[in-house]
Every structure is written in C-alpha cells, then in structure tokens.
Amino acid sequence: MRPKPILKFLDNIESYICQILLVFFVCLLFLQIVLRIVFTAIDSLSHYISFLELYPLPASLPWGEELSRFAFVWFVFFGATYAARLAAHNRVTFQFKIFPKIVGDISTFIADIVWIIFNCIMVYYSINVIKEGFEFREYSPTLDWIMAYVFMIFPIAFSLMNIRIIQVNVMKYILKIEIEDVDKVDTSNPDDETPESGVTS
Amino acid sequence: MSVTAVIFLTFVGLLVIGSPITLSLGAAAMGGMIFSGKPLEGLVEIAYTSVNSFPIMALPAFILSGALMESAGISRRLVAVAEAMAGPFTGGMAASTVLSCLFFGAISGSGPATTAAVGMLMIPAMVRHGYDKGYAGAITSSSGGLGVVIPPSIPMVIYGVAASQSIADLFIAGFIPGVMLAVGLLGMNYIRSKQKKYKGDGKELSVKTVMETMKDGFWALLTPVIILGGIYTGFFTPTEAAIVSIFYTLFVGIFIYKELELKGAMKALESTTWITGRVLIIMFTALAFGQLLTINKIPDLIAQGLLNLTDNLYMIWALIIFFLLFMGMFMETLATIMLVTPVLLPVMISLGVDPIHFGVVLVCCCEIGFATPPLGENMFIASGVANATLEEISVNALPFVFVSILVVFLIAYIPSLTLWLPELLNNLFQ
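Going down the list, the sequences are from chains A and B.
Mapping of the first sequence onto my numbering: position 128 corresponds to residue 128, and the numbering continues sequentially without gaps.
Mapping of the second sequence onto my numbering: position 358 corresponds to residue 1358, and the numbering continues sequentially without gaps.
Isolated chain B, as found in the complex:
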C-alpha cells in the first residue's frame, strides 16, 4: 500500500463515518506521515504556521464586522435602498432581494451571513406580497452567495492565503463576475416572475423615494466605499480594512443610528469566536494534508491524468467546474477551497491559467455550492426563515443554479472578465 492510498482511505473513511472535516484531513495527514516515517513534530509546526499570518486575521475581522452591521441597522437600510430601486418592476420584491444581496455583498464577506441578513427582511416581505415561499427561499439562497464573490470575501481571503496570492487583487477581480452573476439572477427572476405572474410592489418608481432611502442609508452606503476604497487605493491592507470597518460600524451603530446595543455586540463577539475557531483549525489540517499531497506529487499525477484525457483547456475547465460544483454539493465552502487549492492550483498554473483567475472561478463555484443540496448553507438558512422545506427551495432554485453555472463558464472561458479590472487599477495606483 502506498502513502497516497493511506492518505485518501483515511480521509474518505473518516469523512463517511461522520467525523469533523478537520479531523478527516488531520488524521489522514498524520497517518500519511507515520506511514512514510516523518517526525510528527512537523505537524505542530504546521499548526503554528498555518494561522500565524497577518492576512488571515482578516477572516475574524470580517466575520465580526458583518455580525455587528446587522445589529447596527446597516443591513436594514441597504435593503430599503434596494427595495426602492427594484421594487416596482415585474418580480420586483425578488429583484430587490438580489440587489440587496449585491449591496450587502460589498460590506460582508460571507454567503450565509448575507442570506440571513437579507432573508430575514426580504423573505417575509415576499411572502406577504404573494410569492411562493419556496421561490422566496430559492432566490434568497441563490443570491446570498453574491456575498462571497462581491468583495470583500472570506473565501477569497482563504484562497489568497492558501495560494499565496494578493487578496486585494482577488477582491478587485471578483467585482465584474459578481455583477455578472447578479445580472444573470435578475434576468432569470424576470423570466420566472413573468411565468408565475409576480407583479411589482405596486409603488411607482420615483427618484424621490430612491433618494430618500439613500439619504437615510447614507452611512450604510458609505461602508463599502471605505472598505473597498481603502483596499483598492492601497491605503489599507484587507486585514486593516476589516478592522477599520469594525470600528466604523461601531461608530455608526452607536452614535449615528443609535441602534447598536451591548447585547447585540456581545452576541457578535461570541459567534465570531467559534466560527473562526472551527474554520481556521481546518486551515491547519488542510495545510498539513496539502503539503503531504504535494510531497507525494499528487498534483502532478492529477495534471498528467487530466492531460491524458484531453489537452483542450476549455474541456479541462469544464471538468474542473463540474468537479467543483459536485464538491460544493457535499463539502463546506472554506474546507473545499483549502482542500482543492493545493491540489488543483499547481495543475492549472502548469496549464497557463492565472492564479487570480482560477481563484475567482473557484469562489464562484463555491457560491453555487451554497445553494445546492444536500449541503447548502444558504438553503438551510433560507428554509429556516421561509419555513419551507429544502425540497421546495431546491426545485425553485434549479433555474437560478443553471444561470449561475452559465455565468461561471463565461468567467472561466474569458479570463479578461476577471483580470482586466485588477490590471487597470494596479496601473492606476502604482
């Protein structure tokens, strides 16, 4: 039996018996190291180096600021702006949901958090306006994923660290794909709403109401400007931007909107602790796992296997996208990224793909994974809020998943969609 077999059998075996993902990866790495006679002290070193990094500190900071924004009343105001803009059109409430997720994505880096924040406000509103609750849940869980494609993005932080790529560049690169996904979802929503005869919310589209909501939401709308502006101009690193956004949210929530209470802030702190803990301990075991795979030349084997199958880059992209979508159905998002990056990134680089481009496609695939059963984090949240079964939501989500996959193929096949903007901005702010 080879080391490779030991690693993969332990990993899959433990995963199947329901052990935590972090243990499956860690025990597989440990087994492989014991089998190949490597000292296990190395594992302790990896545990330290895996999290002893400045860029990765953006993760708890973005989680904390996202949790605070909810209690601070920022999310509510963003939703109000979106509703005033998109409400009057056909399927307007659902369209406002997509737009809200787009806005919220620009301040939050998490898909489930976006789904929860927007869904808690929009799903009940949609149901009140006569939308099917399965449909309301489906549009929310499908567009909630925009939170991770539109910068800032927690999965992009993880990818940037795992692949040693510039997180700021990834953030810029995600912008156009995120907007494309939103446009795709809006288009599909328009078609579906026509079929289902969902009308607008009955209000007239007026510049005045839009301006009024924007005025009320001014400080909320300023948040993405500060976070993204700070990162793109090179004034802040992503980690610093996340820290600044925490204090900005505290300031707005306490002094301007006066909605942030101690209880909400404490709850945000508490949930940040365990969410970060459980994600970043996977970082440690995934890094150990990945290093062992690299030492045993698994990525080379996979690259060879792929090239034996076909040497057409478009075919390889298609294979990889379907593989990632399949993984996304069963695996937790960040774990997927940490697992596939060390294996697939070298393969893609050897085929001449830009690491930033690959990262964006990877994150987009994970975005779809949020809304595909059996494990779709956004779906779980949407089904809880909408009081609809997973089946009802999955069926209604199919057209949205389909259009998202189409967009991902576009993004994969046309690299300049992702790479043009970072290049432009980097030239601008040199």
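Only chain A is shown next, with the shape it has when bound in the complex:
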C-alpha cells in the first residue's frame, strides 16, 4: 500500500503546481498595488520632507508585473493539463443523445487521438522554438531572463496533457472508473466532501 500516497500526489501534481503559482502571482500583484499606494504616498510627502527626496522611488516593483505574467502563463497551461485530467474540457456532446452510447464513446475516442496528435505536433514545434531561442537569445525586458526558459512550459504542458488524455481513456475504458462531471460538483452543497477518484481506487 506504500505507493498510494505517491500516486495520489502524482495524480494531482499539476493542481498543486497551479495552486502555488496562483497564490504566488495573486500575492505578488497585491504587493504591487500596496507598494504603489505606499510609494505614491511617500512621493507626495517628499514635497514637504526634503529628506525623502534623496531616495527617488519607482512606481512599484519594476519586475513585478513581468514575473507575475510569467507565473500566469505557466499557471494557465498547467491548469489546462489538470483540466484534461479531470476531463473538464468543454465538448459539444448533445448530438450523441440520439445514438446508442457506443457511438459517442467511439467518436470521442477518435477525437482524443486527434487531440494527442495535435499535442505531439505542438511539442515538436515548441522544442524547435526553444532551440532557436537559445541560439538567438532574446531577453525579457525587466527580469533579463532568456525567453526560451519561459517557453519551456509548452513542451512540458503539451506532453503532460497527452499523458492525462491517455490516463483518462484508460480509466474510462479499461479500469471502468466513472469519471465524474466536474461541472456538476458546483451545484452540490459546499460542505459535502467531494469523492476523489484516484488512479488506484
């Protein structure tokens, strides 16, 4: 029974990364706002107190906005792979209602194969872009980071997404685990415990 906690952790890893990134950029942006207000206050005081004029202040953290945007980009694409794990990506499915269930199953299975191919192509070309990015280095304006590092999210996210798509299909058709509709959860009583469906359960 040892591997269970590890598997559960791996099953939710994108979610954990995402939550950390979300808390990080939300706090960073809040700090930006607070600093902006404080700095403007000091700035207007400096007209009266000559001592303060010796230390000119920036509008806020100069690199704050850029760092939060980078965190946000990573957050979005990790979030998208987590959404793939939850099978939460919106599909148009009402047309399957008039057919037996098997038609919808086969058809979405084919769609998922197309999705995997699409992601593979994205991985291939994003690696190309990163390689180029290291050859002809482009730096971010305020943090001075090599942009290719920021682009690393694309091969990571699109390959993880493929793993999640395969995982969901394995769970659905081989392990016969019912994948719950995450959009339904919203309607339940917020105090209810939402049952978690791990890989191993």
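Misleading hints may appear alongside valid ones.
[Unchecked claim] FRET-style restraints, in silico, Cβ to Cβ: (1) A:Ile20 with B:Ile1349: 38 to 44 Å; (2) B:Asn1426 with A:Thr40: 20 to 26 Å; (3) A:Ile174 with B:Leu1319: 37 to 43 Å; (4) A:Val23 with B:Phe1323: 38 to 44 Å; (5) B:Asn1426 with A:Ile177: 53 to 59 Å; (6) B:Gly1187 with A:Gln167: 49 to 55 Å; (7) A:Lys131 with B:Lys1038: 15 to 21 Å.
[What the hints assert, rightly or not] Okay, the calculated bits of chain B under chain A, using three or more residues with CB under 8 Å as the criterion: (8) 1039-1049; (9) 1267-1273; (10) 1289-1295; (11) 1349-1356.
Hints were generated in silico from the structure; no laboratory data involved.
Positions of the beta carbon are idealized from the N, C-alpha and C atoms, including for glycine.
Dock chain B against chain A, hints included.
Chain B only, in chain A's frame:
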C-alpha cells in the same frame, strides 16, 4: 479546396465528433496553416502571446474571489437583503431571486457562479413557499446571467482582450443594460406570478427589516463599492480590482464574519486552476483560428454577404442577434465570444457600430444563452439544485427568455443606453 474550406471543415468535423472546443479550433488553425504552407512555429508564439497579458489575469482573480465570497458568507448576506426588499410583493420570492442575482452580479463576474450561489439559497426557499420547482429553476437560471452583464464580468474581460477594448469602459457600459434586463425579468415574473397565484412571503415590507439585513450585510454590500468604485475612478485597473477583492473577501471572511475556513479556501483555489486552464487554452486556439480567418479575409466576405442581403443596420443587428442566440444554444459562452469577436467585430465596425456597444450586445446574447437548451450552463446548475428536469425548466424559462430578447433588441437599437454612462464617467474623472 481552399484554405477556408479546410479550416471550417476541420472545425465543424471535430466539433461534431465531440472533441474539446479548444482542439476543434486549434486543429482547424493548424490544418489551415499547414495547407497554406505557413510555419507552425507561429502557433507556439500565439500560445505565448495569447495569455501573456495583464488584463486577462483579471479572469482567474475574479473566479477566485467569487469562489471565496461563497465560503466567506458574503453571498448569503446579499440574498438576505434582497429577500427583505422584494419578499413581500406578488411573486416575492422569485423577485428576490432576481434582485439577489443583480446584487451578486455586482461582485461576481460569472453567470453559472451567480446561479449556483443564489440558487442554492433561493430555490429551496421558493419550493418551500409553494413555487413549482420548474419555475424556481427557470427564474434562477434566467436571472443568473445578470452576473455577466452587471459589472464585473468575466465574458467582458475576454471580449475586452479579444477586441482590444477598454475593459473598464465595458464594465461601465454593462450597468444600464443589466438593470434593464433585471427590470424585464421582474416584470415578467410579476405577470407570471399573478397567473400562477404566487403570493408574497407573508411578511410586511418594513424599512426596519431592510435596514437590519443591510446592517448585517454591510461588509458584503461594500464589496461592489470597492470593486466598481475602484475601477470607475481609475484608481484600480480591472485586474487590480479583482486582486483587491480577493484580499478584501479573505479579510471579511476571516476577521469579520469569521466563516471562511481553510477547506473552503483550498477548494476555491483548486476549482480556479482548472476553470482558468480550460478557458484560457481556448483563448490560445481561438486567437490562432481568428488570425487565420482574418488573413484569409473571411470577415470581409461575411460583411459583403451581409450587405448584399440588406444594408439596413437594424436588419443586420436582428440577424446578428439571432445568430448569436443560436450559437449560445450550442456553444460555451466564452468560446462563443472568442470565436465571433474576430469575425463579427470588424464587420460591425465597418458598419459604424461602436465596439463597446457591440461587446455589450454580444455579452447580453451570451447571457440569454446561459438559459437556453441544449447547452445552458445555468440551467444545468438550476436543474441540479431544484431537482427538476431540463424540460420543466426550459418550458418555464420561455417567457423570461422572450423578455430578455426584447431587452437585447432595445439595447442594440438604442446605442446611447450603453454608451451614455461610460462617456459621462470618462468626462467626470478625466
């Protein structure tokens, strides 16, 4: 076969076989690029630029603050105020639902979230007071859409980014249309309640109870003042306002109402991650799709086609509204906005329509789409809460959909309804 045909066939084909909307758009764009011999590295660049934007960060921030407000006890108090104000009238419980959605719309930017927050409190209460559960579900899912018309609004953030328009202006512009929609719904509710003999909640309308609930809900009622006041005075950008509202909610929930628990906060964080992820990856593929359409001059073709049909702006508005309502029946809201904006906005601009005006009409049409089957997000939620079938709710929702469409036509035909307020405020705070 032309590039256009490749794009549209891939898009529709993939959509029909039940692939995610993001893939349908992305694969169509990819197919079009391969077909016309463009390097696919461009797609990676679009993936980056599509989400590397400060305004769009308002989206997760508003989703997170909305989710937190529920656990913080803010929504409950807003509903109590609405109930004290509208409860005693004919069809009072349903009227309080509309009013609650109006209040809640001013702190939340999402239609389904508004439906869930208000519905979980009001639908059981309505059923207890003898309302038909289909009717209770219908009024909630119809008025839940107010959440996206009354500022702040997540669809308006998306439109503002997709159309490069000022999100603050859109927020101001949505105010009067949102109130008009609410008045329309209240009026229709009054007529229907008379027919169905739904009475008030039996309590007397008293200034005292209203004042008491307002006092209890003071900190909750202050939320929209901070968010909207901050944006309208130009003190905060919409993104900053959303961030501030997160911390304000945390503060109120932890220190004043003392209802926010760690579990609720963690759940809010978790749901924000995947909701943002799945929406904004559509942003990437929709942007790629839209750019390809623009390069291939599809918007021009559509504009030409429309003008060949009629050059009467009122007729064109009518066509576009019905088209959007039709799209809203089948497509997810934000995907609809990202898809139609690059195609229809240039058309409307060339006809002399203000982009802000078009955005508000577009968002209002999506608002109706929340409550129209087969894909109506609000309806799904309301049917879950009310324990009613989609059919029961759809039938009862028809009069509300009808009155909402009437209001949308008014908004489309009288541009000053949307454009007057932003102009006024912009002059005021210059």
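Status of the hints after comparison with the structure:
Look at A:Ile20 against B:Ile1349: about 42 Å separates their beta carbons, and that is inside 38 to 44 Å. A C-beta distance of roughly 22 Å is found between B:Asn1426 and A:Thr40, which places it inside the suggested range of 20 to 26 Å. For A:Ile174 and B:Leu1319, the hinted distance range of 37 to 43 Å is not satisfied, since their beta carbons lie about 49 Å from each other. As the Cβ distance of A:Val23 to B:Phe1323 is approximately 41 Å, the hint placing it in 38 to 44 Å holds.
For the hinted restraint 53 to 59 Å between B:Asn1426 and A:Ile177, the CB-CB distance of approximately 55 Å keeps it satisfied. Between B:Gly1187 and A:Gln167 the C-beta distance comes to about 51 Å, which sits within the given range of 49 to 55 Å. Distance hint check: the CB atoms of A:Lys131 and B:Lys1038 are about 19 Å apart, consistent with the given range 15 to 21 Å. Beta-carbon proximity to chain A at under 8 Å applies to 7 residues in the segment 1039-1049 of chain B; the threshold of 3 is reached and the given coverage holds.
Coverage of the segment 1267-1273 of chain B by chain A holds in this model, with 6 residues showing a Cβ closer than 8 Å to a Cβ of that chain against a need of three. Counting residues of the segment 1289-1295 of chain B whose CB lies closer than 8 Å to any CB of chain A gives 0, which falls below the minimum of 3, so the coverage claim is violated. Note: the segment 1349-1356 of chain B has 0 residues with beta-carbon separation from chain A under 8 Å; the three-residue rule is not met and the coverage is violated.
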